[in-house]
Structure formats: C-alpha cells, structure tokens
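**Q** Could you put the whole structure together from the sequences, leaning on the hints where they help?
Residue numbers (numbering that gives the first Met the number 0), protein chains in the order written: chain X, 0 to 355; chain G, 0 to 355.
Misleading hints may appear alongside valid ones.
[Claimed, not checked] Each computed SDA-like pair below joins lysine to any residue, with the alpha-carbon atoms no more than 20 Å apart: (1) X:Lys-298 to G:Lys-344; (2) X:Lys-340 to G:Asn-306; (3) G:Lys-85 to G:Arg-26; (4) X:Lys-298 to G:Arg-27; (5) X:Lys-330 to X:Arg-26; (6) X:Lys-344 to G:Asp-323; (7) G:Lys-315 to X:Asn-332; (8) G:Lys-350 to X:Tyr-316; (9) X:Lys-298 to G:Arg-26; (10) X:Lys-350 to G:Asp-297; (11) G:Lys-315 to G:His-295; (12) X:Lys-298 to G:Glu-349; (13) X:Lys-315 to G:Phe-352.
[What the hints assert, rightly or not] Cβ pair distances, simulated, as ranges: (14) X:Lys-340 to G:Pro-184: 26 to 34 Å; (15) X:Glu-258 to G:Ser-351: 52 to 60 Å; (16) X:Pro-76 to G:Gly-291: 51 to 59 Å; (17) G:Leu-186 to X:Ser-351: 44 to 52 Å.
Hint data in this document are derived by calculation from the structure and do not stem from the laboratory.
We put the CB at the ideal spot given by N, CA and C, even for glycine.
There are 2 protein chains.
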Amino acid sequence: MDQVNQNSYCIIMAGGIGNRFWPVSNRRNPKQFSDILHTGKSFIRQTYERIAAIFPADRIYIVTGEEYEACTREQIPELPADNILKEPYGRNTATCIAYAAYKINGNNPEALMLIIPSDHFISNDLAYLQDLQEGMEFVKKQGGLLTVGITPTRAETEYGYIQMKNRNNSQKITAVKTFTEKPNPELAKAFYDSKEFLWNTGIFIWKTRDIIREFKTHMFDLHALFNTDCKLNTPDETAFIHNVYGQCHNISIDVGIMEKSQNVYVLKGQFGWSDVGTWHAFHALCEKDGEGNVTHSDKILLNESRNCIVHVPEDKYVIVQGVDDLIIAEKDNYLMVCHRKDENKIKHFEKSFRKP
Amino acid sequence: MDQVNQNSYCIIMAGGIGNRFWPVSNRRNPKQFSDILHTGKSFIRQTYERIAAIFPADRIYIVTGEEYEACTREQIPELPADNILKEPYGRNTATCIAYAAYKINGNNPEALMLIIPSDHFISNDLAYLQDLQEGMEFVKKQGGLLTVGITPTRAETEYGYIQMKNRNNSQKITAVKTFTEKPNPELAKAFYDSKEFLWNTGIFIWKTRDIIREFKTHMFDLHALFNTDCKLNTPDETAFIHNVYGQCHNISIDVGIMEKSQNVYVLKGQFGWSDVGTWHAFHALCEKDGEGNVTHSDKILLNESRNCIVHVPEDKYVIVQGVDDLIIAEKDNYLMVCHRKDENKIKHFEKSFRKP
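**A** Written out as structure tokens, the structure is:
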C-alpha cells in the first residue's frame with residue numbers, strides 16, 4: 000500500500016462519550032477507548048493502526064476531550080504529543096473539524112485532510128484504505144467536499160443518509176443531492192427501497208482551504224472565531240481554544256456545512272462498516288447463538304432466552320433464564336437491564352445517578 | 000417471659016444451602032448466614048437472639064455442615080463450641096434431628112426438644128415464644144409429637160400442609176390427620192378453601208425418648224445406626240457421626256416419621272411466619288413500590304417496570320428499564336436474570352458452573 004503524499008493529513012475524531020452504550024461506555028471511559036467488541040484492542044487503537052498503514056505518525060492528529068489526553072497517549076504512544084488536539088468540552092463535529100482545519104492550514108496551506116471517526120467498526124481494511132486513497136486523489140485533483148457512503152443493507156433508523164444525484168451513475172464517486180439525519184422508520188424504508196441513498200459514515204476528505212472557504216460562507220461566526228487574532232500553532236493555542244470553544248455553538252458538520260454546500264460528493268465505500276453506535280448495531284454486528292443471543296464468554300449461560308445481549312466484565316458469571324430481547328450490561332459497578340424496545344432511553348441513564 | 004425448665008433444649012437446624020435463592024444464597028454462604036431481608040442481621044443470628052430470650056446458651060444446639068462451623072461461631076460467639084453439631088454432609092431433617100435427639104438423650108433421658116429452622120422469617124416474637132412455651136407445656140404433660148402450623152393466607156404451592164383431624168376444634172392444639180408435602184396448584188386451592196389445613200412451619204416439639212421410640216418404630220435402620228455402639232458425647236463422636244452419615248438415607252422427618260406416627264398434634268401458631276424459601280415468598284414478604292417492585296437501595300432505579308425483584312450488593316448501581324416479572328440478583332460476581340415464571344429452575348443454577 001502506497002503512503003499518502005506529504006500534504007495529506009489524517010484527523011481522528013475522538014470526542015463524544017458513547018452514552019448510548021451506557022454503562023459499558025461512560026464519561027470516564029468512553030466507547031472509543033473501550034474494547035466493546037472484545038477484539039483485544041480499543042476502537043481508537045484499531046483506527047490508528049489501520050490508518051498508520053498509509054499515514055506517518057506526525058501527520059495523524061487526534062481531536063479529543065482534554066480529560067482523555069492521558070488515555071490517548073497511553074493507548075497510542077507512537078503519536079507525537081503535539082498531535083493531540085484537546086477540546087475543553089465537546090462542541091460537535093463542525094467545531095472539532097474547524098479546529099483541525101485552521102490549525103493544519105496555518106502550517107500548510109496546501110494541506111488535504113482525511114477525517115475519520117475513532118469508534119467505528121471496519122472490515123476489509125485493504126478495501127477501506129484503497130477507497131480513502133482514491134478519495135484523496137479525487138479531492139487533490141478537483142477539490143470539493145467528499146464524503147464516504149456505504150450501500151445500505153437494511154432500513155436502519157440510527158444512521159444518517161446521503162442521497163446521490165444520479166443513482167444510475169456507474170462511477171464510484173458521484174455528486175450529492177441531500178443529507179438527511181436519522182430518519183423515522185417509514186422514511187428509512189423509503190430511502191432503502193429507492194436505492195438512491197447511502198449510509199453516512201462520517202468520513203470526510205477535503206483540502207483545508209476548501210473547507211475554510213465553506214466555513215466562511217455557511218458558518219461565518221465560527222470562521223470569525225478561528226480566524227480573528229488566531230493563536231493556533233503558538234504557545235497561546237490552549238488559551239485561544241478555550242476562548243473559541245466558550246463562544247461557539249454545538250453543531251454538526253453535516254448540518255453546518257454538508258447540507259448547505261453545493262460542492263459535495265460521495266464515494267461508495269467497498270468495505271464493511273458499522274458505527275457500532277447502539278446496542279442494536281452491536282447486536283447486528285456480532286455473532287449470535289441459535290437463539291439470536293450475543294455474549295462474549297463461556298461464563299455467560301442463556302437458557303430459554305432469545306435475542307438478548309449480555310455484556311459484562313470478563314470474570315463475571317451470569318445466568319439468564321426465560322427472557323427475550325434484553326440488554327444486560329455491566330461496568331464499574333453499574334448494571335443495566337433494559338428491554339431492547341427502550342434502547343433509545345439508554346443515553347439518559349448516566350445522568351440518573353448524581354456523581355457517585 | 001419465663002425461662003424454660005432445665006430439661007428443655009432448643010435445636011436450631013442450619014443445614015441446607017438455600018439454592019432456590021441462588022446466587023444470593025450459595026454453597027459458600029447459605030441463606031441462613033445471610034441477611035437477605037436487609038435487616039442488619041443474618042437469619043440464624045435473628046433466630047438465635049429470638050430463642051435466647053427463653054433458653055440459656057448452653058441448652059441451645061445448632062446442627063450445621065462441618066464447613067459452616069467457623070461461620071456459626073463468628074455469627075453466634077455466645078454459643079458454647081460443643082453445642083455446634085457438625086454434619087459431614089446434609090442428610091435431610093430426619094438424620095439431623097436423630098443426631099441431636101440421641102446425643103441429648105444420652106446426657107439427659109428426661110429431655111424435651113424444641114426444633115426450629117434457622118432461616119425463617121418470624122414476626123411478633125412475643126406470640127411466637129408464648130406459642131412455643133405453650134407447646135412445650137403440652138408435650139411435657141402428655142408426650143406425643145407436636146408440630147406448629149400457621150393458618151394459610153393463600154393457596155401457596157411451596158409449603159407443606161398439615162390437616163387437622165377436626166377443624167372445628169376450638170382448642171389451640173389439635174390432633175393431626177395427614178401431612179402433605181408441597182401440593183400442586185389445584186390441591187393447594189382445595190386445601191386453602193377447606194380450612195382444614197395449616198402450613199407446616201418445620202417447628203417440632205417432643206421428648207427425646209418419644210422421638211427415639213418413633214425412630215425405632217418407623218425408621219429402624221436409622222435407629223440402629225445411632226443406637227449401636229454409640230459414641231455420641233465421647234471423644235469419638237466425630238468419627239462415629241461420619242460413619243453414621245455415610246450409611247444413612249436422605250429423608251425428611253415429615254416423610255420418615257410425621258406421616259406415619261399415630262401420635263401427632265399441631266399447635267395453631269399466632270405469629271407471623273414465612274419460610275422465605277423462594278424469591279416468590281421473598282417478594283410476598285417485602286415492601287413493594289407502586290408497581291410491585293421489591294428493591295433495597297436508592298441506588299436501584301426501576302423505570303416502566305413491574306413486579307420485579309432486584310437484590311444486589313449494597314454498593315451496586317442498577318437501572319432496570321421496561322421489563323416485568325424479573326428476578327435480578329447478584330452476589331460474589333455471579334449475576335442471575337430470571338423470569339419469575341421460571342423460578343423453580345433456580346435451584347439447579349449453582350451446578351451450572353463447575354467450581355469456578
């Protein structure tokens with residue numbers, strides 16, 4: 000696999016606390032630093048190793064919360080310390096991407112950015128890397144905002160969707176008509192049936208100068224915050240970032256830029272992908288027993304039970320008897336037993352306990 | 000409350016491992032040594048304190064497994080060490096009672112025994128002690144085998160039943176017609192409706208010489224084992240007991256004696272009682288929230304859930320969402336999630352894990 004050229008940078012987004020996976024993912028130990036799939040490596044470690052096949056360490060950046068700096072350095076000791084961009088608090092992907100874009104552009108106005116989430120499941124790494132290189136070649140030649148989509152295999156309501164301008168276009172990269180956030184079930188089914196839509200992986204490729212032009216056009220407040228008396232790449236960077244983050248809105252790159260820009264493309268990814276964003280996605284991804292149950296240890300016994308997920312510490316013994324459709328999850332002395340129909344309530348559970 | 004006379008002895012039966020309460024009760028820490036009801040004291044400690052109001056410590060005996068001697072001494076330091084009768088393995092109540100009867104009779108042929116379980120819930124201690132004293136007076140005067148029954152409040156299938164010879168008998172103590180072990184639901188309803196039946200509490204009162212005569216008549220093998228070359232109350236008692244227990248059958252006093260003897264009486268107990276033998280009995284006994292849930296800590300939250308039991312270590316945080324009729328129980332790194340309809344399977348769960 001060829002290395003990327005010297006103007007290419009990779010940004011790994013590692014904000015977020017994965018609260019839809021509570022209690023296994025929580026504020027102290029978010030999903031991206033966890034090994035929820037029991038592979039032996041955390042999501043972020045796997046993401047780093049995958050991308051390090053084509054990027055040198057000094058051109059990989061990780062954007063994460065200040066409080067996760069130690070954890071990031073521990074899990075990825077190869078990364079130069081300066082390549083961890085620390086957010087004082089989460090302000091969603093538009094802010095996160097702006098931070099990286101303005102900083103890198105300050106050092107290299109010819110820069111091209113590949114932005115990838117830290118906590119997704121990818122299968123077929125070779126196809127993944129080939130797709131990304133193809134995408135970077137495309138952007139290098141003709142600019143624009145390139146996203147990576149995945150052909151849907153079900154009417155999933157937990158993913159964002161990207162509509163292609165021409166679904167019969169046989170080209171791998173096509174222009175984008177619309178972006179849609181998580182649809183309701185009817186809409187998801189219509190999207191799936193139409194074959195015009197791809198799942199939005201949250202992977203983006205563009206030149207820093209192009210995304211900065213888009214910020215200037217569609218999110219001028221944010222542009223002004225980063226562009227006025229800019230202290231990025233100086234000893235005052237931390238104070239500058241605290242000030243900027245204190246003033247900017249919580250807004251996603253999809254809503255802030257992608258839905259508005261006229262210059263958006265999507266590449267049809269050929270790799271296997273899941274955002275592993277919910278227990279439902281986790282269940283869909285994992286190997287199941289004959290009754291549809293997902294577990295990870297022979298210390299877990301399920302009797303006359305169906306379609307359950309049991310995710311507990313490795314040394315725990317569990318018997319589940321006579322139940323269907325339960326998520327049973329434990330971590331750090333927190334236990335959750337939740338019917339799968341109520342999965343959308345899990346994200347609120349962490350708040351139920353005041354700082355224990 | 001008067002003390003009992005010098006010929007009266009109390010035997011607390013503390014064998015059994017309470018496997019219908021797994022994992023909260025288990026082989027290493029059986030129910031009788033646990034504080035399942037969160038009262039601050041174990042069942043056996045409460046049983047001891049209750050009976051110590053009328054018995055001196057040197058005439059209280061506890062029969063339990065060899066492996067629970069240390070636990071018994073720790074929980075009841077007042078008890079003379081020699082008053083712990085150690086069984087090499089459980090051989091049911093007939094054997095347990097025979098051990099105590101032959102041993103005490105060897106020291107005092109005029110002895111009268113009160114036999115009580117170690118792991119039952121009793122309310123109204125005063126009524127309980129008055130009933131027991133009344134029963135002991137009865138037996139002292141006219142001999143016979145006296146049991147204590149409780150007027151049923153529901154058609155419970157998990158209790159044994161005692162049929163009175165004459166239900167219109169206004170006397171507190173009446174002759175017994177039949178003993179029945181746990182009935183099926185139809186039979187339990189017929190028993191309950193007839194008003195001729197009382198619940199069998201497993202409390203017995205008799206003179207040692209009378210129960211020995213009954214053993215000789217109805218369980219001659221067992222009598223021969225204890226009566227031949229008897230080494231009870233000698234330095235060879237332990238070896239003798241190992242030999243006896245190695246040869247005797249697993250049989251309850253109800254089946255071995257009570258169902259056969261022609262000289263059985265029952266006293267209608269006036270106290271509150273539950274054998275707390277199952278999670279169902281536990282649920283019936285405990286205070287419930289508006290949705291019928293039983294918990295014991297404000298660290299346990301139940302949302303949109305009904306008729307559940309949650310019993311976990313005191314420091315554990317739990318959220319239960321959108322489920323009905325579950326038993327969620329944890330102890331010593333063992334977790335059980337069991338639908339209440341399958342409660343009768345719990346007793347087999349401990350065997351599911353080979354010595355972890």
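**Q** Now tell me, hint by hint, if it's right for this structure.
**A** Hints, one by one, checked against the model:
1. As the CA atoms of Lys-298 of chain X and Lys-344 of chain G are separated by approximately 18 Å, the hinted pair is consistent with the 20 Å bound.
2. Between Lys-340 of chain X and Asn-306 of chain G, the direct Cα distance comes to roughly 19 Å. Compliance with the 20 Å bound is thereby established for this hinted pair.
3. Only pairs whose Cα atoms come within 20 Å are accepted, and Lys-85 of chain G paired with Arg-26 of chain G is accepted, the gap being roughly 16 Å.
4. A threshold of 20 Å between alpha carbons decides the hint, and for Lys-298 of chain X with Arg-27 of chain G the separation of about 19 Å falls inside it, so the pair holds.
5. The hinted pair formed by Lys-330 of chain X and Arg-26 of chain X meets the criterion: a straight-line CA distance of about 12 Å does not exceed 20 Å.
6. With a CA separation close to 17 Å, the supplied pair Lys-344 of chain X and Asp-323 of chain G stays within the 20 Å bound.
7. For the suggested pair Lys-315 of chain G and Asn-332 of chain X, the alpha carbons sit about 5 Å apart, so the restraint of at most 20 Å is met.
8. For a cut-off of 20 Å, the pair hint linking Lys-350 of chain G to Tyr-316 of chain X stands: about 12 Å separates their Cα positions.
9. At most 20 Å may separate the alpha-carbon atoms for a hinted pair to count; Lys-298 of chain X and Arg-26 of chain G meet this at roughly 18 Å.
10. For a cut-off of 20 Å, the pair hint linking Lys-350 of chain X to Asp-297 of chain G stands: about 15 Å separates their Cα positions.
11. Pair hint Lys-315 of chain G plus His-295 of chain G holds up; C-alpha atoms about 11 Å apart against a cutoff of 20 Å.
12. As the CA atoms of Lys-298 of chain X and Glu-349 of chain G are separated by approximately 12 Å, the hinted pair is consistent with the 20 Å bound.
13. Restraint check: the Cα-Cα separation between Lys-315 of chain X and Phe-352 of chain G comes to about 12 Å, which is no more than 20 Å; the hinted pair holds.
14. For Lys-340 of chain X paired with Pro-184 of chain G, a C-beta distance near 32 Å keeps the hint of 26 to 34 Å intact.
15. The hinted window of 52 to 60 Å between Glu-258 of chain X and Ser-351 of chain G holds, with their beta carbons roughly 54 Å apart.
16. Checking the proposed 51 to 59 Å range against Pro-76 of chain X and Gly-291 of chain G shows it holds: the Cβ atoms sit about 53 Å from each other.
17. A hinted range of 44 to 52 Å holds for the C-beta pair Leu-186 of chain G and Ser-351 of chain X, which are about 46 Å apart.
Consistency note: the structure conflicts with none of the earlier hints.
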